[in-house]
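For chain A, the structure is supplied; the task is to place chain B on it using the hints.
Here is what each chain is made of, one letter per residue.
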Amino acid sequence: DAKTTQPPSMDCAEGRAANLPCNHSTISGNEYVYWYRQIHSQGPQYIIHGLKNNETNEMASLIITEDRKSSTLILPHATLRDTAVYYCIVGDSSYKLIFGSGTRLLVRP
Amino acid sequence: AAGVIQSPRHLIKEKRETATLKCYPIPRHDTVYWYQQGPGQDPQFLISFYEKMQSDKGSIPDRFSAQQFSDYHSELNMSSLELGDSALYFCASSSRTSGEANTGELFFGEGSRLTVL
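Residue numbers (the working numbering), protein chains in the order written: chain A, 18 to 126; chain B, 83 to 199.
Bound conformation, chain A alone (with noise of 0.2 angstroms):
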């Protein structure tokens, strides 16, 4: 039972701001939203999670909404390199993370 959903697929021109939406509507109090990202058949790799504010690091932004039923992920400046399967975990910890069906984002030159 997928406690995430995310659109199968989205594009953005390089260069522009990717944002990748994923609603968790039954997200609980002490559970996290976390992303990952798999480039082709490499491992997944970690980007950003969060509780309920706003985070942000050297590769994204998160967006976590008030009520915390929704989250958008943001890759300010979009390069070719970003092109992967985007993942929305929602979970209390990463002891057990389950991946959904996640986003797969194309990047066009």
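All the pointers check out, no bait thrown in.
Here are some of the chain B residues that sit facing chain A, going by a computed Cβ distance under 8 angstroms:
{"id": "1", "residue": "138"}
{"id": "2", "residue": "172"}
{"id": "3", "residue": "187"}
{"id": "4", "residue": "192"}
Quick list of in silico lysine-lysine cross-link-like pairs, BS3-like style, CA-CA up to 30 angstroms:
{"id": "5", "chain 1": "A", "residue 1": "113", "chain 2": "B", "residue 2": "134"}
{"id": "6", "chain 1": "B", "residue 1": "134", "chain 2": "B", "residue 2": "104"}
{"id": "7", "chain 1": "A", "residue 1": "69", "chain 2": "A", "residue 2": "86"}
{"id": "8", "chain 1": "B", "residue 1": "139", "chain 2": "B", "residue 2": "104"}
{"id": "9", "chain 1": "B", "residue 1": "95", "chain 2": "B", "residue 2": "139"}
{"id": "10", "chain 1": "A", "residue 1": "113", "chain 2": "A", "residue 2": "69"}
{"id": "11", "chain 1": "A", "residue 1": "113", "chain 2": "B", "residue 2": "104"}
{"id": "12", "chain 1": "A", "residue 1": "20", "chain 2": "B", "residue 2": "139"}
{"id": "13", "chain 1": "A", "residue 1": "69", "chain 2": "B", "residue 2": "139"}
{"id": "14", "chain 1": "A", "residue 1": "20", "chain 2": "A", "residue 2": "113"}
{"id": "15", "chain 1": "A", "residue 1": "113", "chain 2": "B", "residue 2": "139"}
{"id": "16", "chain 1": "A", "residue 1": "86", "chain 2": "B", "residue 2": "139"}
{"id": "17", "chain 1": "B", "residue 1": "95", "chain 2": "B", "residue 2": "134"}
{"id": "18", "chain 1": "A", "residue 1": "86", "chain 2": "A", "residue 2": "113"}
{"id": "19", "chain 1": "A", "residue 1": "20", "chain 2": "A", "residue 2": "86"}
{"id": "20", "chain 1": "A", "residue 1": "20", "chain 2": "A", "residue 2": "69"}
{"id": "21", "chain 1": "A", "residue 1": "113", "chain 2": "B", "residue 2": "95"}
{"id": "22", "chain 1": "B", "residue 1": "139", "chain 2": "B", "residue 2": "97"}
What the hints contain is simulated information worked out from the structure, not anything from laboratory work. Positions of the beta carbon are idealized from the N, C-alpha and C atoms, including for glycine.
For chain B alone, kept in the frame of chain A given last:
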């Protein structure tokens, strides 16, 4: 920086044979996770170990077993292999003791590709 090392990177086996995959976590990481990713599928959590004890169990078949050794490396043993076991097997590690696991950051290896003929 040292990463998670998995071996072998590629393995070809016949049906009903046995295979063993090895995972060497990042130094000082105490938690190891195993994931299976079939062709065109998303990674599926199999099992995890913390301080050499099984921590969580996912959709790991009864034909599979795993353990974490005193040096924290882990092995995934798969017996009576079936065609459907053909997949990429990822190992990940984190440090629960230092609270790293609570940061949400699991470090994944490059995977071991198992092909069952």
